[in-house]
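My request is simple: use the sequences and hints to build the entire structure.
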Amino acid sequence: MNATEAGTVDLLAKLNVASKFGPAGQLVGFVTREEYKNVASALYSDGFVTCSDLCAVDYLTYPERKLPTGIDQERFEIVVNLLDVAGRRRVRLRVQVPGVPPSIDSLFDIYPGVEAMEREGFDMFGIIFDGHPDLTRILMPEDWEGHPLRKDYAVGSVPVQFKEAGVRPGDEIHTGQNRQARLELASDAASTKGQGTVDRILGRIGRKSKASSPKASSPKASSPKETGSE
Amino acid sequence: MTDTEPSALVDVVTWGTSEGAQEMLPRTRTASDEATREYGAVPEQQGSVLRLPEGTILDPDDFSMETIGEETMIINMGPQHPTTHGVLRLMLELDGETVLRTKPIIGYLHTGMEKTAETLSYLQGGTNVTRMDYLSPLANELAFALATEALMGVEMPPRATWIRMLMVELNRLSSHLTWMATNGMDLAATSMMIYGFRERERILRFFEKTTGVRMNHNFIRPGGVAADLPPGWEEDVLVILDSVLSTLDDFDQLFTGQPIFRERTEGVGIIDAETALSLSATGPILRAAGVPWDLRRSMPYLAYDQIEFDVVVGTIGDTFDRYAVRMGELRESVRIVRQIVERMPQGDYRAADKKVTPPPRGRIDESMEALIHHFKIFTGGFAVPEGEVYVAVESPRGELGCYLISDGTAKPYRMHTRAPSFVNLQTLPPLLRGALIADAVAIVSSVDPVMGEVDR
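Chains as they are written, first to last, in our numbering: chain A, 70 to 299; chain B, 259 to 714.
Rather than coming from a laboratory, the hints here were simulated on the basis of the structure. There may be inaccurate statements among the hints.
To be verified - Subject to a maximum C-alpha distance of 30 Å in a straight line, what follows is the list of computed DSS-like cross-link-like pairs (lysine-lysine):
hint	chain 1	residue 1	chain 2	residue 2
1	A	K135	A	K83
2	A	K135	B	K613
3	B	K612	B	K467
4	A	K135	A	K89
5	A	K135	B	K467
6	A	K83	A	K106
7	A	K135	B	K612
8	A	K106	B	K373
9	A	K220	A	K89
10	B	K361	B	K467
11	A	K89	B	K613
12	B	K373	B	K613
13	A	K89	B	K373
14	B	K634	B	K612
15	A	K106	A	K220
16	B	K634	A	K83
17	A	K106	B	K361
18	B	K634	B	K613
19	B	K467	A	K220
20	A	K220	B	K613
21	B	K634	B	K669
22	B	K612	B	K373
23	B	K669	A	K89
24	B	K669	A	K135
25	A	K220	A	K83
26	B	K467	B	K613
27	B	K373	A	K220
28	B	K612	B	K361
29	B	K361	A	K135
What follows is the structure in structure tokens.
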């Protein structure tokens, strides 16, 4: 801790903000939602004229994180990184925001640069920033439902169909080889004008009808049996 | 802790927002607080979003919304426009050829990389972040690796630090050269495209030799770098530097002293230091406005405090200043790389910490334990102690930050990237206010947005 950081610690203490030094000696202040804007305003007056970053965090599945005594953990957190260009110092504010209602004051009046960042916080986490001039989705499409970076929003996946993944009853006709068989059948059927079509289909997919015809057991028809569809 | 009912949450989330209106609306339908952002509250500073003085209460009558007359037109520039550097869509309100209001609309390249990062281990994370700013992938990897190492408290051997610095500075050269090329293209100096990309190609070839790929390297990893520099790298780098320096002299002839270029850039798109700071702008935009803020100098990381270089600043913050700052930074980077080549220390290129560093390739063939160790690191990953950290580096576009939260497992609980292009785009409305459409192309180019990093 150097002299400039000591000044920031004193200021935070005067504002009743619990502070600590995190990894790499970074100064972190824990602000209540009510005092958030006042503290930011005081820090602005103290020289932190730039808000270099603002982001939200959803602690839904990790509520047991370490917080100073007196700070009640809530579902969301807003993390603000303020920067003093002249004094070459940074301070990070962490604000607890409840899950219902997920609202917090906007810093737009103090730091106009948070405009896009707060919109991202709304878009990705559904956090309402009171006083933001244009709180709309910024990265997702306008008609998107849900807030993707929340922990209860699934990552999303596409089912993969493996060739040997096993076939459910009734699925035989949809496998690729059977499709080929059906195409061949269609051309056969066109040439033989539809005689015994049902038997031939059943034969190609490896089944026999009760009254099996000799054509169904031809060598050509037996090839789909290798897929093991039964 | 958990939400009560989904329906109640939906009510809360949709309350007070206008999810349907991402686009710029006509003046008559623009709310007064949003107009503050788009016009500026003080008539003389219209278009800037400077903070209101203490105690000022907004009155909609304060805005001279009707001064322009009714013959304004809202048009789209982009998302498919050759000069918007990717899928950037600008909605411009025009009075004749003059731009009045601007609204950047982004998200066309959004791929949810911050969500993806939560499913990847710390070693895999590099492959994810390197795809954000595709013109300076190594800066992304550096921020991510430094953040992980800050959480773990891993000490870097000097050679790893200096290799990282070499690669990042070469990447700054290639990134700025690409900007020179595309900027020339935007201003109809098409031969610049060839010269810029030719020099960039030399650097990418060196990257390919060192890392195996031209872009998206995943070379800078938590715990060091992926490989040592190839034999004879000093020769390669010095050849590149000489070539770049002589090309920069060509650029000076083609651009700096060229009357048409100066006419198109001088006094166009001015932003002052106060506005730039309040809009959180960083990088060449902020330095062109006269603020000597460069993280390499102001808050040194790696070994930049042992290297001599100058921070290049502009005076009035117009488009020409932003060009000149990048030009100066190219020369400074050449100077930095020369010092790195001279002073590259010997030693290991990875940390000695067995927790993060896989065993050398040779030992895997002869030792079962080494094989298991290698397997454990690359399949399960390594656990990172609980905590949260914000690490910022100076990318070619400005402050590139990585906010990393670990819950003690092998995957980040949350990874947020503070992308400089994303924040710098906010300077477009004040920059474009009052400019001509033809100048808009030059101004957008001078902000140097990389959409991969804007949308992430």
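Would the pair K669 of chain B and K89 of chain A pass a check requiring their Cα atoms to be no farther apart than 30 Å? holds, 25 Å
Tell me if the straight-line CA distance from K634 of chain B to K669 of chain B falls inside 30 Å. holds, 14 Å
Does the structure keep K634 of chain B and K612 of chain B at a Cα separation of 30 Å or less? Answer holds: K634 of chain B to K612 of chain B is near 11 Å, not above 30 Å.
For K135 of chain A and K83 of chain A, compute the direct alpha-carbon distance and say whether it is at most 30 Å. Distance ~23 Å between K135 of chain A and K83 of chain A Cα, so the pair holds.
Satisfaction of hint between K135 of chain A and K669 of chain B, Cα-Cα up to 30 Å: holds, 18 Å
Could you grab the alpha-carbon distance between K467 of chain B and K220 of chain A and see if it respects the 30 Å cut-off? Given that 30 Å is the threshold and the Cα spacing comes to 41 Å, the pair is violated.
For a C-alpha distance cap of 30 Å, please report whether K612 of chain B and K361 of chain B respect it. violated, 50 Å
Pairwise hint evaluation, K220 of chain A against K106 of chain A, where the allowed Cα distance is 30 Å at most: At roughly 27 Å apart (the allowed maximum being 30 Å), K220 of chain A and K106 of chain A satisfy the hint.
Would the pair K135 of chain A and K467 of chain B pass a check requiring their Cα atoms to be no farther apart than 30 Å? Violated, at roughly 45 Å.
Is the hinted pair K83 of chain A and K106 of chain A satisfied, with a Cα-Cα distance of at most 30 Å? Measuring from Cα to Cα gives roughly 15 Å; hence the hint holds.
Would you check the hint for K220 of chain A and K613 of chain B, treating anything up to 30 Å between C-alpha atoms as holding? Holds - the C-alpha atoms of K613 of chain B and K220 of chain A are around 29 Å apart, at most 30 Å.
Within 30 Å, alpha carbon to alpha carbon, are K106 of chain A and K373 of chain B? holds, 29 Å
The structure fails to meet hints 5, 10, 16, 19, 25, 28, 29 from the earlier list, while all remaining hints are met.
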